[in-house]
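Visitor: We have chain B already, so just place chain D on it with the hints.
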Amino acid sequence: MSAVHRIPRDATIVAWRNLLNLRRTPGSVIAALIQPVMFVLLLAYVFGGSLGGGDYRTFLMGGIFAQAVTFNAAFTALGLAKDLDNGIVDRFRSLPMPRMAVLLGRTLSDLSMSVVTLTVTSLCGLLVGWRVGGSALEAVLAYLLILLFAFAMSWVGAAIGLMARSVEVAQSAGLIWLFPVTFVSSSFVSTRTMPGPLRTVAEWNPVSATATAVRDLLGNPPPPGTDPGTAWPVVHALPYALGCAALITAVFMALSLRRFRRISLV
Amino acid sequence: MMTSRPAPPAPAIRAEGLVKRFGAKQALAGVDLEAPRGTVLGVLGPNGAGKTTTVRILTTLMRPDAGRAEVAGRDVLADPEGVREHLGLSGQYAAVDEKLTGRENLYLVARLYGMGRRAARRRADRLLGEFRLEEAADRPSGTFSGGMRRRLDLAGALVARPEVVVLDEPTTGLDPRGRADTWKAVRDLVGEGTTVLLTTQYLEEADQLADSIAVIDRGRVIARGSAAQLKARIGGERLTLTVADPRAVAPVGELLDSLGPHRCDHDPRTGRFTVAVEHGAHSLEYALSLLRGWGVTVRDVELAPPTLDDVFLELTGGAPPPGPVPAEPDAAAALTTGSRA
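If you read the sequences in order, they're chains B and D. Okay, so the first sequence: first residue is -4 according to my numbering, each after it adds one. Okay, so the second sequence: first residue is 863 according to my numbering, each after it adds one.
Looking at chain B on its own, in the form it has when it is part of the complex:
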């Protein structure tokens, strides 16, 4: 299609519109920021004491980052469902803009949201004693990896938002999958004590790989006495995490676009 070159331009314009919307609904933004802060405090002080104290708090943050950006996928699901519901998507569809720009605009604005989430979460981490142990370059790479993963998860949210038949369904469907996906992982605890099959799932969970790779890059080792194991995705966390992000993005982008075209042409 000749409109391909317009995708980035129009997506940026749609993202601008989405961000204006977010800025004017500060309540939902604040709610989205309270959630990771709450998890940091809960895990650091309620569970952290029996899991390694200060060492655990250092270990924890990589998992918190992975979880926080995964939860932002719920934002994408809800945002798209609302746009479909209130007629603004009909307006977009009647304009000479590529369909893809509507979806990419949404995932880009939610990526900006993830930048805000990461900033607030990092500040909160610093307050509870988390520190970057590695080099500055590695730290930058760690944040880039998290944002890449955020982008991938946002496309999962987009697909859910487009499949949902109403805003209410999008809201609950966009949230429920996040709990098993982020908790059946090595985000917050070692997978060692999990029963066999669950342990395998957790080890191969892209959330685990992202958290592990981020910890490696940030120089945040696991607390002493916790054995991360030697499963392939644990040992090769960085390439596995990158591969997962690319694959998830490709698959869910294609699914979302196909679904969006379908609802566009009932």
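Hints are not guaranteed to be accurate.
Claimed, not checked - Example chain D residues on the side facing chain B (calculated, C-beta under 10 angstroms, incomplete):
1) Glu943
2) Leu949
3) Ala1019
4) Val1028
5) His1141
Stated by the list, open to error - Which stretches of chain B does chain D cover? Using the computed rule of at least three CB atoms under 8 angstroms from a CB of chain D, they are:
6) 16 to 28
7) 75 to 85
8) 194 to 207
These aren't lab readings, by the way, just hints derived from the structure by calculation. Think of the CB as a built atom: it goes at the ideal place given N, C-alpha and C, for glycine as much as any other residue.
Guide: For chain D alone, coordinates are given in the frame of chain B:
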């Protein structure tokens, strides 16, 4: 074209045999439409007649199951992007972003039509002025009144100065002032050479604005022509008279039926009779003289050309039923049954 003479201009909107089905429901059963450039085509029909489905197909938001359509010389199926570039749509429910200001809404649409930043800003300012929205321009559009939101939505449809503008029930729910504003905007557009397709449930609106009218019912065009042609189709004038005495209903009804080929309607609530007559003045005089002879008091009498309402009711077969409304005893029966159950 090889010849020096220009080809006759293609109509701005042409639809042939549009069919659309939603599950078991046949929404469109072969709709043909045509609007020459610079004219207003009114698509008139009750709720659920297929107006919005037609609009969605013409604006590339939906694919027909069969049939073809061209808008601004471009095929809606083969070149939807081309159609969208030359089309402005203002929907039944104003599609404005409530969190964005009026200015931002128009700027957004202008940018997405491909305009640069400065051109988009200038176009937004210009339209805010034309649609009397300057004062509210920097308020979130969610705080706008219904009429202002419609104006903003309409302004959004005109951002790119499109060749064809499609307005889906643009005045539904508007107050008289809002309606007058919208009508003026449509007339201005046509004055500039734009082609407008307008769906409406209001016959007066079609009568006021449309050069030609297509009446849609149950997914089919059941009549087309100018307002005058449609009125002429059902012939003559409308004789309306009201009698106070309920005992006179039967004889008056017989008398009015005997005036010509058309049967009269009687509204038992208001006591009003309506009948289509071929020779208005003569029929009126004749009926009144007979009624005077019978001693029947006529409270009110009127002779008028048919309105589009008359045309519409006659064409769709939706004329009010003569005699007492049959629903009432049924409703009473249902109530009784309900209380027993």
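Visitor: Give a verdict on every hint.
Guide: Now the hints, each set against the structure:
no.	hint	in the structure
1	Glu943	holds (6 angstroms)
2	Leu949	holds (7 angstroms)
3	Ala1019	holds (8 angstroms)
4	Val1028	holds (9 angstroms)
5	His1141	violated (51 angstroms)
6	16 to 28	holds (count 3)
7	75 to 85	holds (count 4)
8	194 to 207	violated (count 0)
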